[in-house]
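As they're listed, the protein sequences go chains A and B.
Each residue of the first sequence is one higher than the one before, starting from 1 at the first, in my numbering.
Each residue of the second sequence is one higher than the one before, starting from 214 at the first, in my numbering.
No wet-lab data here; the hints were simulated from the structure.
Certain hints may be false.
[Unchecked claim] Using 20 Å as the maximum straight-line C-alpha spacing, the simulated EDC-like pairs for lysine to aspartate or glutamate come out as follows: (1) K136(A) - E369(B); (2) K25(A) - D437(B); (3) K138(A) - D120(A); (4) K25(A) - E359(B); (5) K136(A) - D285(B); (6) K25(A) - E249(B); (7) K329(B) - E369(B); (8) K26(A) - E249(B); (9) K26(A) - D437(B); (10) K211(A) - E359(B); (11) K41(A) - E338(B); (12) K41(A) - E24(A); (13) K367(B) - D137(A); (14) K68(A) - E332(B); (15) K136(A) - E125(A); (16) K367(B) - E141(A); (17) K138(A) - E369(B); (18) K138(A) - E353(B); (19) K68(A) - E369(B); (20) K201(A) - E353(B); (21) K26(A) - E369(B); (22) K210(A) - E332(B); (23) K204(A) - D151(A).
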Amino acid sequence: MRSCKKIKTLPTGYALYFHIGETEKKCFIEEIPDETMVIGKYRTQLWDKQTGSFLPATPGLGMHVEIKDPDTKIILSRQYGSDGRFTFTSHTPGEHQICLHSNSTKMALFAGGKLRVHLDIQVGEHTNNYPEIAAKDKLTELQLRARQLLDQVEQIQKEQNYQRYREERFRMTSESTNQRVLWWSIAQTLILIVTGIWQMKHLKSFFEAKKLV
Amino acid sequence: MGSIFDLSAAVRLYLLSCFVVSVDFTLGLGQSQDTEFTFLLPAGRTECFYQTSTKNGSLEVEYQVIAGAGLDVGFTLISPSGYKLASEFRTSDGIHTVEPTEDGDYRLCFDNSFSKLSEKMVFFEVIVEGQPGDAWGDEEWADMAEPESMVEYKLEDIRETMDSVHRHLDRSRQLQTMLRAFEARDRYLLEDNLWRVSFWSSMSLLVILTVAVTQVYTLRRLFDDKRVCKP
């Protein structure tokens, strides 16, 4: 019997990190199908000259997050603190661009211009919060795991539908290129023949006029 | 008539727990963390990413240049102790595995300094195994949810769900086959295109040469005829 239920969240493993300069902008591209949720989490650390290591960043040192959709329209443009979490759901399939840059100008003074950013971007079914779903729908363990499998498969299907749409576009481009190549080649041949005939006629009349022939 | 429902409750519970354990094994007890990014690498710059790993794990890095003139980039992988594990100059894709890993931060660098003008779009994926707490164990799953009750209909539920998953996966496989056929067709179309371009270009060239020769010959004939005709 469990009297108190521990809601455990997935402990974060070691995410990838990179260094960012003061006015530097780093952009990441996510190619996703439509109606897909994306959650990005980041954590910043500041270089401390005294201890010679990276310490958790002071508040006031934030990151500006800008997200553009495939039509280069900005769907999110917000300032977050030193640790932030941003979410968006795609409404059109395609390449979404996530750009991060630091808003601080004082960094050069404190940190020697180096800020370490740990970034983790989760897409699709990885964004689902299973403890929350279990509590809301009152699911047992097997039901919850089955739900996870179903979410995974749903994401695969979405991805494939998107692939099909992309392939169609590729096919159209390819066919139009094919048409263009064919018509231009025929046109070029005709132009050449016509030019040749015209040249000969012109020269013939020229020589006749000059009484050379 | 012996059927599964004739068995005692204890035996049924045992069978169910066996099923749970086997499902757990198939879902994968291996704890691995998978990070992938697609980023823009400006011309003339080098970008580095760092991945922390533990001792005796494994690290796999795969990268591919998706866009940008030449589709190539330089890649280096440096271990926490400063030892250069991989160094590639101007390649379009690569895959490297480090096993066993040291404790510390591995450094991956993408180098586009040889290019003055073109920006590259690079996709890379880092798979780390042996990280603590990546996957949920049995206890965490059990903690999250309500306790199991009523074993009888559970097997039926499980069978139904598994069937649904199986059908979806079948459909996925069918779609994939269809897509593969389309892709092959497009590839043949492009290859035909190439042949057509070559053929018609040669024809054009032939026509040009023929026309040029005919012109010259006609001109000369005009002169020759008149000379013959004039007394």
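Comparing the hints with the structure gives:
1. K136(A) - E369(B): The given pair, whose Cα atoms are some 23 Å apart, is violated under the 20 Å limit.
2. K25(A) - D437(B): This hinted pair is violated, its Cα atoms lying about 77 Å apart.
3. K138(A) - D120(A): 29 Å, violated
4. K25(A) - E359(B): 46 Å, violated
5. K136(A) - D285(B): 49 Å, violated
6. K25(A) - E249(B): Between K25(A) and E249(B) the Cα gap is close to 19 Å, so the pair holds against 20 Å.
7. K329(B) - E369(B): 64 Å, violated
8. K26(A) - E249(B): Since the Cα atoms of K26(A) and E249(B) sit roughly 15 Å apart, the hinted pair holds (cutoff 20 Å).
9. K26(A) - D437(B): Outside the cut-off at roughly 76 Å; violated.
10. K211(A) - E359(B): Judged against 20 Å, a Cα distance of about 110 Å means the pair is violated.
11. K41(A) - E338(B): 17 Å, holds
12. K41(A) - E24(A): Judged against 20 Å, a Cα distance of about 19 Å means the pair holds.
13. K367(B) - D137(A): 17 Å, holds
14. K68(A) - E332(B): 19 Å, holds
15. K136(A) - E125(A): Holds, at roughly 17 Å.
16. K367(B) - E141(A): 11 Å, holds
17. K138(A) - E369(B): 19 Å, holds
18. K138(A) - E353(B): 16 Å, holds
19. K68(A) - E369(B): 46 Å, violated
20. K201(A) - E353(B): 92 Å, violated
21. K26(A) - E369(B): 51 Å, violated
22. K210(A) - E332(B): Answer violated: K210(A) to E332(B) is near 62 Å, above 20 Å.
23. K204(A) - D151(A): 80 Å, violated
Checked against the numbered hints given earlier, this structure breaks hints 1, 2, 3, 4, 5, 7, 9, 10, 19, 20, 21, 22, 23; the rest are met.
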